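Peer 1: So the sequence lines, in the order shown, correspond to chains A and B. Per the working numbering: the first sequence = residues 1 to 329. Per the working numbering: the second sequence = residues 1 to 245.
No lab work stands behind these hints, which were simulated from the structure alone. The structure displayed is predicted, hence computed values, not measured ones. Note that the Cβ used here is the ideal one computed from N, Cα and C, for glycine as well. Just so you know, not all the hints are guaranteed correct.
Claimed, not checked - Within a straight-line C-alpha distance of at most 25 angstroms, the following computed SDA-like cross-link-like pairs (lysine to any residue) qualify:
hint: 1; chain 1: B; residue 1: LYS71; chain 2: A; residue 2: SER315
hint: 2; chain 1: B; residue 1: LYS160; chain 2: B; residue 2: ASP137
hint: 3; chain 1: B; residue 1: LYS71; chain 2: A; residue 2: VAL192
To be verified - Listed below are several chain B residues computed to face chain A (Cβ distance under 10 angstroms; list not exhaustive):
hint: 4; residue: HIS12
hint: 5; residue: GLY14
hint: 6; residue: ASN98
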Amino acid sequence: MIRAYAPIAIATAVLACVPALFAGSPSMMTVVTAGLVFAAYAIAFNLIFGSTGQLFLCTGALAGIGGFGSAILSDRLGVPMVLSIGIAGAAASVVGGALSWVAVSRSLGTIFTGIVTLTFSLAFQNFVLGRGDLTGGENGLRISAGSDGVLDHQVAPYYVFLALVAVYLVLFRRIQRSRMGWAFRALRDDEVAAKLAGVAVARYRIYAGAIGSAMLGVAGAVFAHHRSFIGTTTYGFANVDIRVLVMVAFGGIGSLLGPILGATAFTALDEVLVDYAQLREVLYGVVSVVLFLGFRRGAAPTIVDSWNRRSSRWSVAKRADSAPEADSR
Amino acid sequence: MPVLELTGVEKHFGGLPAVDGVDLRIEDEEIVALVGPNGAGKSTLLKAINGLQPPTRGSVRLAGVELVGLKTHVVRQRGVAMVLQHPQVFESMTVRENAIVGGLFGVGGERPSAATAAQRADDALTFTGLIDRAEVDVGALTLHEKRTVEFARALAGQPKLLLLDEVMAGLNDTELAASIEMIRAARNELGITIIWVEHVMNAVMSLAERVVVLHFGRTIADGVPADVMAEDDVIAAYLGTGGDR
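Between the sequences and the hints, there should be enough to build the whole structure, so can you do that?
Peer 2: Written out as structure tokens, the structure reads:
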């Protein structure tokens, strides 16, 4: 039990030390806080894609439903911020669950699920632009709820998002160890085998879509209240989906800490390439192609496996070399 | 009441009948071999029973309860397990984990604890002789072992009826003998009814108590193996007739 959650405790403890390095720099605190937001998105995406193979290319849109939904509820309708975040998360969950339902009921494979969800993502962007009366359109939406609370400070928001990431990791781990986790593993491995074993493949895919989308919605909503301003690009495809995809593909698809590793690596890379904005976008494109062609399980797990195999071969060779000495004794 | 009753089962692919009006009654604890030339509709009939390829028309009743219209996983939970020719195992899991999935999800109307599922898995692995390899990754197993894992996963879900689709194809003599014994034991010791599609005729003759022959999706013979295999229609279906040339 303790062993199962130890990696989460260690990762959380390490991340908790980060503000000690950057507390004096507001810009760096913004960067590392954004890194945690992306880590939260990546964990949610990993639950949907990594666990059940549903390529949701609408991570940003689902987070945007949370962000815009919560902002509108709290600022326009006066709903308390925490409640509005919850409602917006539930709305994202319903939408994500519905997208999963469409995918499973029409037996869409990974690629076609990607196309359908990408279409939804583009439709959401157009909705944000078109319904300027609700979303602020091209001018964006200023949010007052949360602007005078804990989310407005430099360091405190970091810990709010760290808590969110820790909760998401615990949730991910709990699901992995539950009956649902067995179903996810089975259907990801072989859908026909899962059906033959009695797994309700369609139902579990919808569960993954709904739970992951709720996580995206809540993270997007908290981010909106933290930033106090959201615009058309805040949850845009290029801004969110591509990055999240690359982070998960790098860190390890379906793994517990892969999204954290990916978010850390690419947040750091973003900072290194901060003066080369266009180059950064090209790099993300190239990296995503390379990762999906050469590292299907994720770069980090592939490298670790390759290292383990190499060390195992090395130790076998070493034993073979030392064998004659042992014989001669 | 028969364990399984098929009435007028048809399965069409783009208008072509693969199974064309099959009627069949399977009694409790029978071992029935379903044979016929390639393309006779044997595997399609099995998949029509468990919903992998739902029938176009007809009725499939398990102990009097209609199965047509139910999803494959529900049919499984009602007690119909299936093992395929090309093993459908969970490659990223160990042998025990594969069987645990069967124990967790195979039995309908209950949510067994992990411990119960693990016990069912271990019982199934003991029965199939895989218990010593329980912690081995399935990816490292031979074809025969993978089929046995699938068999164990099916048993862990405590089925009433087991559908076997050419599970003896490609086995050597030792593996063949072991498979025959395992199937016989599943019926004798666990009381499972078995419908078995097979091309390996010496295995059919030594294990099956009843043989049903399909040809172009229709039943052309049904009876005791030695009698059925001597029928002119069956010989003609397998070997062709002078008129076919």
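Peer 1: All hints are to be evaluated individually against the structure, with a verdict given for each.
Peer 2: Evaluation of the provided hints:
no., hint, result
1, LYS71(B) <-> SER315(A), "violated, 50 angstroms"
2, LYS160(B) <-> ASP137(B), "violated, 28 angstroms"
3, LYS71(B) <-> VAL192(A), "holds, 12 angstroms"
4, HIS12, "violated, 19 angstroms"
5, GLY14, "violated, 18 angstroms"
6, ASN98, "holds, 8 angstroms"
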